[in-house]
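Undergrad: Sequence:
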Amino acid sequence: MDWSAAITGLVGALVGSGISAFTLRRTHRERLTADRELAQQRAKADIALAEKKLSLDRGFEIWKRRTAFAEDVLADFYQARDVISAARSPGSFEGEGSTRKRADWEQESDSSTLDAYFATTERLVAKREFFAQLYARRYRFMAYFGAEAVKPYDDLHKIYVEVVIAVRMLIDTYRNRDQGSLPAGHSRWKKVIWDIGSEDDVIRPRLDQVVAAIEAICGPAIRDIAEDDLAGEGRAGRLA
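Using this note's numbering, read the sequence shown as starting at 1 and increasing by one per residue.
Honestly, I wouldn't trust all of these hints.
To be verified - The list that follows gives simulated cross-link-like pairs (lysine to any residue, SDA-like), each with its CA atoms no further than 20 Å apart: (1) Lys191 with Ile165; (2) Lys158 with Leu124; (3) Lys190 with Val161.
Stated by the list, open to error - Cβ-Cβ distance ranges computed for the label pairs, FRET-style: (4) Thr173 with Tyr139: 48 to 54 Å; (5) Glu108 with Gly219: 32 to 38 Å; (6) Thr99 with Ala216: 35 to 41 Å.
In short, the hints are calculated from the structure, not lab data. Quantities reported herein were computed from a predicted structural model and do not represent experimental measurements. No residue lacks a Cβ here, since even glycine has one placed at the ideal position from N, Cα and C.
Whole structure, please, built from the sequences with the hints as guidance.
TA: Take a look at the structure:
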């Protein structure tokens with residue numbers, strides 16, 4: 001028996017086995033390292049995706065609230081125009097204007113005229129809760145659409161105040177007729193408090209301009225959400 005060859009073969013087998021085992025261990029370690037790095041990358045990707053989804057969801061909710069709010073504001077201005085227009089109706093019902101405090105010097109004819117003036121203010125005052133709600137939204141509207149976007153609010157308030165002041169001036173200067181003259185602004189004040197349907201009305205066009213201005217701001221936001229709803233219905237129809 002050639003012991004030398006046998007020993008050499010055994011040593012070779014052992015060395016080969018050791019090399020193979022070393023290679024397997026190294027390969028296993030590398031695989032574990034690769035799997036760990038891949039798992040970390042997946043975890044980071046999942047976190048990034050979750051954060052992005054959260055950000056998109058938050059942005060979508062803000063967008064929905066903004067557009068729904070724009071719709072409420074636009075409806076407020078439509079109603080405000082109708083309220084002021086109705087208050088400026090020259091006709092009056094029996095008893096309107098009677099909440100005005102009467103002066104001792106008034107005759108029945110005086111009271112009738114002054115009550116007719118005051119009816120415009122009385123109608124506006126009856127809607128004070130509506131106007132309070134409308135103006136309460138002003139600062140939130142500014143937060144959504146910017147400081148310059150509140151100009152329609154300011155213009156609407158100017159119209160409201162102008163009408164109320166015109167009523168006050170007509171009442172306060174009423175007795176000037178006893179002196180045979182009327183204030184220079186008397187004719188204009190009457191045009192301010194009453195809309196008789198003439199083309200040169202001093203308030204109606206301004207109300208329309210205010211509504212057009214708020215439409216220009218709110219309209220795009222409302223159309224966006226309407227288009228999104230239609231797109232959603234289309235997607236639902238295709239899925240069905």
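Undergrad: I'd like to know which numbered hints this structure contradicts. Please list them from smallest to largest.
TA: 4, 5
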